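Asks: Starting from the given sequences, assemble the full structure and let the hints guide the process.
Protein sequence lines, in the order shown, are assigned to chains A and B.
Be aware that the first sequence starts at 50, since it is given in this note's numbering, and climbs by one per residue.
Be aware that the second sequence starts at 50, since it is given in this note's numbering, and climbs by one per residue.
Just so you know, these hints were derived from the structure itself, not from any lab.
The model shown is predicted, which means the values in this text are computed figures rather than measured ones.
Hints are not guaranteed to be accurate.
The list treats identical chains as interchangeable, and a pair is accepted whether it falls inside one copy or across any two copies.
Straight-line distance between alpha carbons at most 27 Å, and here's what the computed DSSO-like set of lysine-lysine pairs gives [unchecked claim]: (1) Lys344 to Lys52; (2) Lys324 to Lys355; (3) Lys52 to Lys334; (4) Lys303 to Lys329; (5) Lys240 to Lys127; (6) Lys303 to Lys188; (7) Lys240 to Lys203; (8) Lys355 to Lys328; (9) Lys240 to Lys132; (10) Lys329 to Lys308; (11) Lys131 to Lys246; (12) Lys240 to Lys131; (13) Lys78 to Lys220; (14) Lys334 to Lys303; (15) Lys145 to Lys344; (16) Lys304 to Lys329; (17) Lys220 to Lys52.
Number of protein chains: 2
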Amino acid sequence: MGKYTVALDCMGGDNAPIEPVKGAVMALKSDPDLNLILTGPEDEIRRIFNENGGGENADRVTFQNTTEVIETAEMPTKAIMKKKDSSLVVAMNLVKHDSADAFVSAGSTGAVLVGGQTIIGRIPGVKRAPLAPLIPTEKGVSLLIDCGANMDSKPINLLQFARMGSIYMNKIMKIDNPKVAIVNVGAEEEKGNMLVKETFPQLKALPGINFIGSIEARDITAGYADVIVCDAFVGNVILKMYEGVGITFFHLIKKAYLKNLKTKLGAALTISSLKEELKKFDPSKYGGAPMLGLKKLVVKTHGSSKAQEFSTSILQCKEFKEQKISETVAEMI
Amino acid sequence: MGKYTVALDCMGGDNAPIEPVKGAVMALKSDPDLNLILTGPEDEIRRIFNENGGGENADRVTFQNTTEVIETAEMPTKAIMKKKDSSLVVAMNLVKHDSADAFVSAGSTGAVLVGGQTIIGRIPGVKRAPLAPLIPTEKGVSLLIDCGANMDSKPINLLQFARMGSIYMNKIMKIDNPKVAIVNVGAEEEKGNMLVKETFPQLKALPGINFIGSIEARDITAGYADVIVCDAFVGNVILKMYEGVGITFFHLIKKAYLKNLKTKLGAALTISSLKEELKKFDPSKYGGAPMLGLKKLVVKTHGSSKAQEFSTSILQCKEFKEQKISETVAEMI
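Replies: Quick look at the structure:
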């Protein structure tokens, strides 16, 4: 496998800059083909890098000093326009100008999405670039496409999501003939809102994808489909229900475990096995979400990411480049 | 509290007619003010009723013979039009003609919704009659409005849902000044799809409700809002994510418990406490979902309901009549 370069926004996310930089050190250690450009206040980033054992791989790192930071509360379009020397915009421009193959950030989702579309730009023919996280299921993972900032999709958008999602699951996740389903309120073709009713027959007729029909939200976690197509509003609701219901279940389990002496003893015997199982079901553990349909790879990592997730997100860029995902999308769209 | 009569569709749901009839017997035993009309094949219904100890309260029951059944796979509009002698249509007509105060069924959601609108009819001024289940949260329950069959809402629909939901939570669930929120993809006012962006300022300006702004799907289970307003497509996704993620968590817990001898022992010590906690979080346990905005009360009970849920659904009709919910909605809309 060949060399590749990732531009990492070291000021994005709740744990910046410490965790992104620690993640960079981890990734460099595990893959000798990786080169990194770290954007952020150079002195601070260098210090954290060296304090965490990055020194031995410093020859594969460029430190790119930046003076501004985009906060999550800022209006994305305005922030991208104004903060030209932010760690996010500088990293994106490095990708745009071919100094890096991919961009990774845990910063403001809105800013990543706007930056991806306006700085790096869409592949010609792609109408909208969706954000497509991998979500855990009982069978493995599925790709939920779109969870981005572009609401009120049209059928053509969903058709392109289906196609791009299929390419991703096939090339990156190595799933043969990935099953594509559209989120709906029932299994029957005549069900749904206007968007789904209009899109359904077009998906059915679309060559090159394995469309299996509607999927009800109840069946998503069971893993019936590999590519789950929906409008970004619905995708956001699905992703956040994963989180919300998950958190509530943790609270309920905790309450049940702390009820009395007997349950506390039982808890001690089961807790590590339970944690291990439940961890598999945390959507934030599956690296970053790729933004598909752009000229270069943009990966949005969960805001609360720690070093391990940054490292995973960085390393997944290799396969994306090797498999020529953007080139394949360009040919097929 | 006064007398009231409920028309029960004994052929609706996965467990019909046994569970609806057993539920009827339970409800009659627990409330002497209740009168029931049971629709379905009379001989069979009578037999189940008597076999399950209904005999002592037979004086408060009318058996209304019907010869047809609407299946869940049928097209709702066609089924309602054609099957005039179905248990569902006959029961609805009894409510329409004032022989009963309320209708309860676990049958096809589509048929209940269509029948509610076309047979019983909306309160003048109400544009759409939403289906509004109570959903469990960490703090108690919230009303999710709309989960019905009417997709592609307009702002006026959501405004009416907010108002009807507030009345319900105040009068029936006894919540002072219930907090109303709209489902959105972020907390900020400028976020959302077209529908939410257009509705938000109108909800803010609507007198007589306690609008607290947007709620992200992640925060629904935490119980931040009492009335959760959304389009029916989104409501359906939320409700079914509750189910799906819940089922998956059960599977994961089971797997963790069965891992080895130690975890099996721990499971034995914690299982009853855990079941007790998790049961609270099953949306199907909260009786039936009322369809609001109709001239009379229509309650849709979960398809898999057992006797206990039928009984709860029947008994909740009393409060609805006592509190004059339909009359209050008619005045306020």
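Asks: Now tell me if each hint is right for this structure.
Replies: Each hint tested on the structure:
1. Lys344 to Lys52: For Lys344 and Lys52, only the intra-copy Cα distance (19 Å) is at most 27 Å; the inter-copy one is 70 Å.
2. Lys324 to Lys355: Classified as within: same-chain Cα gap 18 Å, cross-chain 33 Å, threshold 27 Å.
3. Lys52 to Lys334: within (25 Å within a copy, 56 Å between copies)
4. Lys303 to Lys329: So Lys303 and Lys329 pass the 27 Å test inside a copy (18 Å) and across (14 Å) alike.
5. Lys240 to Lys127: between (40 Å within a copy, 15 Å between copies)
6. Lys303 to Lys188: both (26 Å within a copy, 15 Å between copies)
7. Lys240 to Lys203: Intra 17 Å, inter 19 Å, cutoff 27 Å: intra and inter.
8. Lys355 to Lys328: Close inside one copy (15 Å), not across copies (34 Å); limit 27 Å.
9. Lys240 to Lys132: Between. Shortest inter-copy distance 21 Å satisfies the 27 Å Cα cut-off; intra-copy 46 Å does not.
10. Lys329 to Lys308: Classified as both: same-chain Cα gap 26 Å, cross-chain 15 Å, threshold 27 Å.
11. Lys131 to Lys246: Intra 41 Å, inter 25 Å, cutoff 27 Å: inter-copy only.
12. Lys240 to Lys131: For Lys240 and Lys131, the Cα distance is within 27 Å only across copies (20 Å; inside one copy 45 Å).
13. Lys78 to Lys220: within (25 Å within a copy, 63 Å between copies)
14. Lys334 to Lys303: both (21 Å within a copy, 22 Å between copies)
15. Lys145 to Lys344: within (8 Å within a copy, 61 Å between copies)
16. Lys304 to Lys329: Both: 21 Å inside a chain and 12 Å across chains, each within 27 Å.
17. Lys220 to Lys52: within (19 Å within a copy, 66 Å between copies)
When held up to the earlier numbered hints, the structure conflicts with none and fits them all.
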